[in-house]
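Asks: Residue numbering for the sequence shown follows my numbering, starting at 3 and increasing by one per position.
This list has only true hints and no planted wrong ones.
Cross-link-like lysine to any residue pairs, in silico, SDA-like; alpha carbons within 20 Å at most:
| hint | residue 1 | residue 2 |
| --- | --- | --- |
| 1 | K312 | E588 |
| 2 | K312 | A54 |
| 3 | K312 | L105 |
| 4 | K312 | E59 |
| 5 | K312 | Q55 |
| 6 | K312 | A103 |
| 7 | K312 | A100 |
| 8 | K312 | A104 |
| 9 | K312 | P38 |
| 10 | K312 | A58 |
| 11 | K312 | P43 |
| 12 | K312 | P323 |
| 13 | K312 | A322 |
| 14 | K312 | G589 |
| 15 | K312 | G106 |
| 16 | K312 | A56 |
| 17 | K312 | A397 |
| 18 | K312 | R57 |
| 19 | K312 | L325 |
| 20 | K312 | P51 |
The hints are simulated quantities; they were obtained by calculation from the structure and are not laboratory data.
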Amino acid sequence: MAGSARAEDDTGAAAPVRVALRLMATTDLHMELLAPEGRVPRGLEALSPVIAQARAEVANALYFDNGDLLQGNSLGEHLAAAIREDGRRGAAPHPAMACLAALGCDAATLGNHDFGFGPALLRSALAWAGWPVVAANLRAPGLPGPQPWAVLRREVVDAGGGRHPLAIGVIGFLPPQTAAWETAMWPGLETEDVIEAARRELPRLRAAGAEIVVALSHGGEVEGPHRPGAENAARALAALPGIDAVIAGHTHVAAPPVPRDWHPGTPAPVASAGFGGSHLAVIDLALERGPGGWRLAAARAEARRATGAKDPARLRRIVAPHLRGAAARGRPRLGRTEGPLASHLSLLGIDPGLRLVAAAQRWHLRRALAGSAWEGLPILVAVAPARAGGLGGPANYTDLPPGRLRRADLAELYAFSNRLAAVEVTGRDLAPWLDCGAAIFYPVAPGDRDAPLIAASVPAYNLDLIDGLDWLVDLAPGAPRIRGVTRHGRPVPPEERFVLATTTYRLAGSGPHADLAAGRPSLPLPAADIREVIAAWLRRRRRVAPDPRPFFRFARIPGATAVFDTAPAAAPEATLPLTPVGPTPEGFLRLRLDLDP
Numbered sequence: 003m004a005g006s007a008r009a010e011d012d013t014g015a016a017a018p019v020r021v022a023l024r025l026m027a028t029t030d031l032h033m034e035l036l037a038p039e040g041r042v043p044r045g046l047e048a049l050s051p052v053i054a055q056a057r058a059e060v061a062n063a064l065y066f067d068n069g070d071l072l073q074g075n076s077l078g079e080h081l082a083a084a085i086r087e088d089g090r091r092g093a094a095p096h097p098a099m100a101c102l103a104a105l106g107c108d109a110a111t112l113g114n115h116d117f118g119f120g121p122a123l124l125r126s127a128l129a130w131a132g133w134p135v136v137a138a139n140l141r142a143p144g145l146p147g148p149q150p151w152a153v154l155r156r157e158v159v160d161a162g163g164g165r166h167p168l169a170i171g172v173i174g175f176l177p178p179q180t181a182a183w184e185t186a187m188w189p190g191l192e193t194e195d196v197i198e199a200a201r202r203e204l205p206r207l208r209a210a211g212a213e214i215v216v217a218l219s220h221g222g223e224v225e226g227p228h229r230p231g232a233e234n235a236a237r238a239l240a241a242l243p244g245i246d247a248v249i250a251g252h253t254h255v256a257a258p259p260v261p262r263d264w265h266p267g268t269p270a271p272v273a274s275a276g277f278g279g280s281h282l283a284v285i286d287l288a289l290e291r292g293p294g295g296w297r298l299a300a301a302r303a304e305a306r307r308a309t310g311a312k313d314p315a316r317l318r319r320i321v322a323p324h325l326r327g328a329a330a331r332g333r334p335r336l337g338r339t340e341g342p343l344a345s346h347l348s349l350l351g352i353d354p355g356l357r358l359v360a361a362a363q364r365w366h367l368r369r370a371l372a373g374s375a376w377e378g379l380p381i382l383v384a385v386a387p388a389r390a391g392g393l394g395g396p397a398n399y400t401d402l403p404p405g406r407l408r409r410a411d412l413a414e415l416y417a418f419s420n421r422l423a424a425v426e427v428t429g430r431d432l433a434p435w436l437d438c439g440a441a442i443f444y445p446v447a448p449g450d451r452d453a454p455l456i457a458a459s460v461p462a463y464n465l466d467l468i469d470g471l472d473w474l475v476d477l478a479p480g481a482p483r484i485r486g487v488t489r490h491g492r493p494v495p496p497e498e499r500f501v502l503a504t505t506t507y508r509l510a511g512s513g514p515h516a517d518l519a520a521g522r523p524s525l526p527l528p529a530a531d532i533r534e535v536i537a538a539w540l541r542r543r544r545r546v547a548p549d550p551r552p553f554f555r556f557a558r559i560p561g562a563t564a565v566f567d568t569a570p571a572a573a574p575e576a577t578l579p580l581t582p583v584g585p586t587p588e589g590f591l592r593l594r595l596d597l598d599p
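Sequences and hints are given; from them, build the entire structure.
Replies: What follows is the structure, given as structure tokens:
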């Protein structure tokens, strides 16, 4: 394989040409094109001034999007439905693509959620991509456009004003589980191991003339050696010869947390941009050209936060016409809630909205399994927080007041169009399943005061909460995190059989559940979108009373307290020993949890 720019040394006598090249990227926008009013800055609209400022600071800059652009809110749902109902709507640009064009996108890759609405929507959107779309580990019959890689031929300017040709190779990757996650929507879709695809395609990219190579990885960074089929392979990509910089994503993490300098002889610099327009990933490359060609001499990676400034109406003009259609589509009434549905305390185990989601799935499964070998088995339902603050800011929560529930509220109750799946498990499987998500909690030792509780680097959606069980989470260092698993107040026998409702995403081996899900056959069920399951259940029930019972409780730790950040509107729950501490600089409300009440 031809070496990367970072792998070569220039030993020529002539003074090398020096050029600074800035790489900028968004990732996991999930259709958050506009900045919500009165909220912490986020959305592509709030990032637009950040992108403009980052461009203005340098002579040479490229802007990429790293996938998971097209699905994630009611606007995305509306556009997908409109394409299904009237394919002619594809004659107008998809607003997300129009926004990227307005910001000067140079290249993009795809994320797993970009496939969630099926071929028609993605074909229609990509028809308006005026830039290369790259995905080296993807084969998608009937989807024109994506190529394994592209070579961007640009003229760059050095510090003295001299101009030089530079060929930038861009190669893209998405999670290899995508084909399994989207099999119902995409028959024939194939995705392969990221590193296997990279080793095959990088020599071809270099042979096509690429002098430096940027990898767009819709996958995050994980510690440890690469495992074949790994969902998150950004760190493994950074270690490959032939790659000079990596844009990461998928895990909704903004990284590095503080600007990080790159040094020769180490893996390529990596940056990721959070989600929903929370951050802009920036990697500054210092390139030198000598007799041996271009090489990477230095680099610096950072994640810049969105600001309170907004794009001067440019993106809003693009998106506004589509918002009216989305509002009309979201208007039909589904039912009524007798109390609030808020996810403010979701990571502490209290989330009436997730209880509602679980009840809907259990109702659907009982009907779907009638007459099968699994009829009569107890049904447990695994649900995971999605809107739980974090990088999305103090407004990134479900917060539905008592009253009417409309179709538009489905996106608040359940963030993505996942498909329902179910497996048979036994009692001995339950604690390990729950333990997979417990890494989101920091250890707290006896006597610790106001210890941080939540690890921001762990996505909230890794925390599966199983409706139908009760358990304890033990934060003490060295202790088993999950203990005391009971059902209806009684310990669960290890041999007892259950049906566990989950998602195709989980069963394809996503996140920390990969080993548990491996080889576990899914029960034969008709394809069912979980949002549609919720809608059908609400129409049938008409009125629902929120269930505020905690999914789990924290084990006692003598003399210890921990702090937890949530929405300013959150009210301390009577079932938990919480007291307000005060606002944080980021706009959250900090609560103190007494672990020795």
